[in-house]
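Trainee: Following the hints, complete the assembly by docking chain W onto the known chain S.
Residue-level listing of the chains:
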Amino acid sequence: MRATVLVRPKPGILDPQGEAVESSLRHLGFPVGEARVGRVVDLEVEATDAVAARAEVERMCEQLLANPLIESYEIELEDAQ
Amino acid sequence: MTEREPRPRIGVITFPGSNDDRDALQALELLGAEAVPVWHADERLPDVAGVVLPGGFSYGDYLRCGAIARFSPAMRAVADFAALGGPVLGICNGFQILCEAGLLPGALRPNASLSFVCRDVDLRVERTDTPFTSLCEPGGVLTIPVKHGEGCWFASDELLAELEANGQIVLRYRDNPNGSVADVAGVVNADRNVMGLMPHPEHAVDPLLGSSDGALILRGLIASARDRAVVTA
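First to last, the sequence lines map onto chains S and W.
The first sequence lines up with residues 1 to 81 when you count with my numbering.
The second sequence lines up with residues 1001 to 1233 when you count with my numbering.
Excised from the complex, chain W in its bound form:
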């Protein structure tokens, strides 16, 4: 059944300093997508129905994480793609880039502990009305690893209240590893087609690696891309 479903093409953008791009490509292939590498200097996206901004340390995290990568030529194409409703998932550094680009609300600051955290964390699924969490159980718990030094998501009280009211807070830490406001681990934009999260779903797609909960999020993206590919075909 699954084998007969079309494999939607999903682009994974490599910035100078990305280091989880290959894991993202591999995970997407494993889960039923045709993963397409995209170089950050490309001004146009190839024919894709979804985009992943992977983790890493784009431009050495100079100035602020994601602050320089957001000006990559490919990011203009990503913004256009998102504006047309295309699903975009930013993981870790990809989340930081999307916030810096203004495609997602908030900003990411150094962890409250000042320590790099690298471990599995439990996430509560707050919303399932996004393409990325549509396969999750409402209120369910996902175990997915984090590995970051600057994952402390910040929003002002006013912005947070607005996001809560709009249902844009999608994932929360059960035991906050970085000091983020309101334990936020993942958010979506108002149109719900752009999501960012600090944990790495692409590192949790096989029980052999401790958890396959990340597959739920990537499969959600793939399903959304598949629908989109069918609609636009």
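So that you can see chain S by itself, here it is in the shape it has in the complex:
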């Protein structure tokens, strides 16, 4: 089963990368509001049902993929079939 993990800096956390992207976009003439930059992790998970897969990926997020102090995460599951 394929899983996608989206990791984002939590609201209020200084995100200098996002600020740099935001100012570059404005410089190019795109009138964007706030830009925040996170990370995407695509995974192949060895689990047959979605509940087990989600639980497994959640453990990965808590232990390694995100730092809960400064980052939030979102898990999307997509059946490989």
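Please keep in mind that the hints were generated in silico from the structure rather than gathered at the bench.
Bear in mind that the values here come from a model prediction, so they are computed numbers and not experimental data.
We put the beta carbon where it would ideally sit given N, CA and C, even for glycine.
Hints may be right or wrong, so weigh each one.
Sample of chain S residues facing chain W (criterion: CB under 7 Å; computed from the structure) [stated by the list, open to error]:
{"#": "1", "residue": "PRO16"}
{"#": "2", "residue": "ALA20"}
{"#": "3", "residue": "ASN67"}
{"#": "4", "residue": "LEU69"}
{"#": "5", "residue": "ILE70"}
Below, in silico cross-link-like pairs of lysine to aspartate or glutamate (EDC-like), each with a Cα-Cα straight-line distance of 20 Å or less [said to hold, decoys possible]:
{"#": "6", "chain 1": "S", "residue 1": "LYS10", "chain 2": "W", "residue 2": "ASP1157"}
{"#": "7", "chain 1": "S", "residue 1": "LYS10", "chain 2": "S", "residue 2": "GLU71"}
{"#": "8", "chain 1": "S", "residue 1": "LYS10", "chain 2": "W", "residue 2": "GLU1158"}
Mentor: Coordinates of chain W only, in the frame set by chain S:
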């Protein structure tokens, strides 16, 4: 006098991507310790009375700085050593690893400027009631170099207030180079035996290199390790 004092054994852990491990070993030897190299894959620490996690770019700083190194086998041994009260000093990447491991509070983020900073900085000593700063003057100023891209220490307002109240903020920048919360440059854990800082004391142990203020911090660690070695001997 100093020559007759025992040289406590202090381990310096090398992770893949560490690059200040040799400087740390050399500085510790120069200042009166027997510095012992430790490989990150070692599951047990050799017989040491103190530990240094050196600077560098462990595991290429992939994912987040220190996020992968914290799972090295040696880190389990370091956590056990710290839990027994052993002094542990994390410098730069070592600080990042200790935060990721949950042995120190807070997290380190990319510098607010997004630029790598490499220069001497002035640090105000906020606390001298830690083994690492016991030889410093309260309120004194240390000049020690920083060199990092992700040294912006972060703690929530609640966590910061708790750390301030506990006296765990040990060093502050006088002119903040990275945007860290409350100008924090170095913190200790609640038990005060684990410290992390972004500046590099091991690069400031000889006036020839601009400053020897870093020696005060390393000598503090060495003195603490010496006491510990005597107690446990």
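Trainee: Which of the listed hints are not met by the structure?
Mentor: When the structure is compared with the hints, none of them turns out to be violated.
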